[in-house]
Amino acid sequence: MIENGFPLKFVDASIKKTLNRYIDKINKINVSDGEKKNEIKPIKDPPKNEIILLDIPYFGKPSEILSKRLISLAKLARPQTHLQPIPRPPRSIGSHFSSKDPIPKDLQSGVIYQINCSSCDVSYIGKTIRQVKKRLEEHGAPQFNITKPKLSSLSKKSPIPDTTNLRRSARNAGKIINYSDDKNSFDEENIKNIRQSSVITQNELETGHQINGNDWHILTNDPRSYRLEVRESLA
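Each residue of the sequence shown is one higher than the one before, counting from 1 in the numbering used here.
Heads up, a few of these hints could be off.
Pair by pair, the computed Cβ-Cβ distance ranges are [unchecked claim]:
id : residue 1 : residue 2 : range
1  : L73       : R224      : 27 to 35 Å
2  : L234      : Q202      : 21 to 29 Å
3  : I125      : R69       : 50 to 58 Å
4  : S98       : L73       : 35 to 43 Å
5  : S98       : S63       : 23 to 31 Å
6  : F59       : S99       : 40 to 48 Å
7  : R78       : P104      : 52 to 60 Å
Below, simulated EDC-like cross-link-like pairs (lysine to aspartate or glutamate); rule was C-alpha separation at most 16 Å, straight line [as the list claims (entries may be wrong)]:
id : residue 1 : residue 2
8  : K105      : E204
9  : K68       : D55
10 : K134      : D101
11 : K105      : D222
12 : K75       : E50
13 : K105      : E137
Derived by calculation from the structure, the hints in this document are not laboratory data.
Please read these numbers as outputs of a predicted model, since none were measured by experiment.
Quick reminder that beta carbons are idealized off the backbone N, C-alpha and C, glycines included.
With these hints in hand, go ahead and build the complete structure from the sequences.
Here it is in structure tokens:
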């Protein structure tokens with residue numbers, strides 16, 4: 001650098017700066033090595049045993065003996081595994097039998113249903129939060145096509161009491177009760193208006209095909225109306 005015309009002070013300063021940088025680098029390496037030697041390593045926890053839960057039927061003393069034998073076998077096969085049998089009571093006999101009559105599909109509510117055309121491959125998917133038979137009547141299905149509920153053996157044996165004169169005094173027992181037909185006439189008029197706007201009725205008028213009121217089935221059930229709308233859009 002002197003031969004190239006640099007002053008002596010500049011050359012000394014450059015050498016000093018380079019030496020200081022080298023010394024600092026050496027000191028950092030030594031300090032880091034010392035810290036590593038003096039570093040205290042954390043003590044690792046011993047590995048935990050794997051726990052396996054096993055349900056077994058509870059029958060008193062035999063279940064306790066079975067639990068102990070299973071634990072012993074698990075320790076011999078896999079020492080790092082802890083088997084924990086859980087005795088549970090078996091299902092009752094009554095849980096295998098239903099005392100309630102099954103609800104016919106015509107009387108179910110909150111459903112997505114599908115009706116098929118008897119003359120072509122066209123099908124209609126709809127929803128109703130009411131009983132299906134009401135919706136089928138609005139589509140034009142005759143009332144005699146609605147299936148009647150099948151009674152179970154328990155219902156057949158139980159007589160149905162006559163409640164005609166229930167809680168009526170002797171003075172009013174012989175009087176004839178007249179029921180108004182206004183509600184029935186309103187329902188018939190309402191069903192007639194809905195039937196005219198039904199998609200199934202429009203298809204019958206356009207194609208001349210006949211929709212079979214008995215050729216239908218339930219796709220899914222849901223008691224909530226907003227969920228029915230979502231499921232109908234996905235069907």
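Structure-based check of each hint:
no.: 1; hint: L73 to R224: 27 to 35 Å; in the structure: violated, 49 Å
no.: 2; hint: L234 to Q202: 21 to 29 Å; in the structure: holds, 24 Å
no.: 3; hint: I125 to R69: 50 to 58 Å; in the structure: holds, 56 Å
no.: 4; hint: S98 to L73: 35 to 43 Å; in the structure: holds, 40 Å
no.: 5; hint: S98 to S63: 23 to 31 Å; in the structure: holds, 29 Å
no.: 6; hint: F59 to S99: 40 to 48 Å; in the structure: violated, 27 Å
no.: 7; hint: R78 to P104: 52 to 60 Å; in the structure: holds, 54 Å
no.: 8; hint: K105 to E204; in the structure: violated, 24 Å
no.: 9; hint: K68 to D55; in the structure: holds, 14 Å
no.: 10; hint: K134 to D101; in the structure: violated, 21 Å
no.: 11; hint: K105 to D222; in the structure: holds, 14 Å
no.: 12; hint: K75 to E50; in the structure: holds, 11 Å
no.: 13; hint: K105 to E137; in the structure: holds, 14 Å
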